[in-house]
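Note that the protein sequences, when read in sequence, are chains H and U. The working numbering applies: residue 1 is where the first sequence begins, and numbers increase by one. The working numbering applies: residue 1001 is where the second sequence begins, and numbers increase by one.
Be a bit skeptical, because a hint or two may be false.
In silico DSS-like links for lysine-lysine, alpha-carbon gap of 30 Å or less [as the list claims (entries may be wrong)]: (1) H:59 x U:1076; (2) H:102 x U:1076; (3) H:69 x U:1050.
Because the hints were derived from the structure by calculation, they are not lab data. This structure is a prediction, so every number in the text was calculated from the model and none was measured.
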Amino acid sequence: MAAHATERIPVGEAGAVFEQFEDIEQQNETYILGMWSFLVTEVMFFGALFLMYTIYRWKYQNYWYAIHKDLNITLGATNTVILLASSFSVALAVYYMQRHDKWKTLACLGFTNLCAFGFLVIKFFEYKAKIDHGLLPTLGFKWHNPDIPAGPAELFYSLYFSMTGLHGIHVILGIVVCTTLMIMIARDAKIIRRDYIPVELFGLYWHFVDLVWIFLFPLFYLMPK
Amino acid sequence: MSNQEHTADSHHDSHGHHGASLGTLILVFVTLLVLMAVTVWAAGIDLPGKFTNNIVLLLIACTKATLVIMYFMGAKYNTKLVQLYVLCGFVWFLTMFIVFTDYFSRRYEPVQGWEINAPTSLPRLKEGPGVEAQPEVDRILQAPRY
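Can you build the whole structure from these sequences, using the hints too?
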């Protein structure tokens, strides 16, 4: 064991294996496992909202079907494509980081950041249109359609704003992490130089954000009768 | 493998490529875009049956999610332990929906104030000064229990 240990890269240098791990494979697996256990908590976090959505949609399906037509499918679909593209470019960033291709990694992460900004801009205009119509729940919700009671409508918009809003917060956090990562890669930061794991972990997070949207889009924008 | 090759660097260079190949990633991305178009199209048509549209939309969403998890997130290329964690998250998510046994069984065990179609979830008084008769509540409470 002692002979093995001397061959290791000292801790603090790039590509070092910390002493609690047998080898780099085990170390990487540990990081990825840790990230997944965080994502499992995120599944539960969003899961509660999805459950709430299911319960109220079951109860108010007919009203909600009529209400959901006010959402703009074109904008929602554009956002879905944007997020899928950003997910793809993160997967590419991990691919290039594993091959130590610094500039291609940076280009892919940059594209991801751009997509995330695009997503938020579109979301901003969607929110603005709804808020201008007085559809922000609690803070002065005004409902003018006499065919639909205000209660189910307010519930619909509560869930719409809280679910897409929570998702939007995740997108903003993703931008922060992605930008930090890009700066570190560009400056050849020690902990990231020959290690693809930070990019991989950010990728897992970003794919999860994409996953949530994959379900939010059909449930809110394409709600069937 | 000799001891000489056992350094972290050689691991990085020879075994560091865990994910999908470039071709696979592109194929998955194109499939995701096609599925996306199919979802929008399927939402526009009226399929026969009460829940068919819902089932189709969710099936497509689940297929997209599986593709993302397997190839983009690389669950397919990870160890069994990581795959178990992935599975746990989604099994837990589905487990939560057992709460519907409660919602669906309310009609067999009526509780005052929690009737089906109750306008509020707050318990309502049945007796007391100024309380109006609530024939709907009486009907549910007096219904035979199973």
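Does residue 1076 of chain U sit within 30 Å of residue 102 of chain H, going by the straight-line distance between their CA atoms? The hint holds at about 25 Å.
Pairwise hint evaluation, residue 1076 of chain U against residue 59 of chain H, where the allowed Cα distance is 30 Å at most: 38 Å, violated
Mind checking the alpha carbons of residue 69 of chain H and residue 1050 of chain U for me, to see if they're no more than 30 Å apart? Between residue 69 of chain H and residue 1050 of chain U the Cα gap is close to 19 Å, so the pair holds against 30 Å.
Violated hints amount to a single one, hint 1; each of the other numbered hints is respected by the structure.
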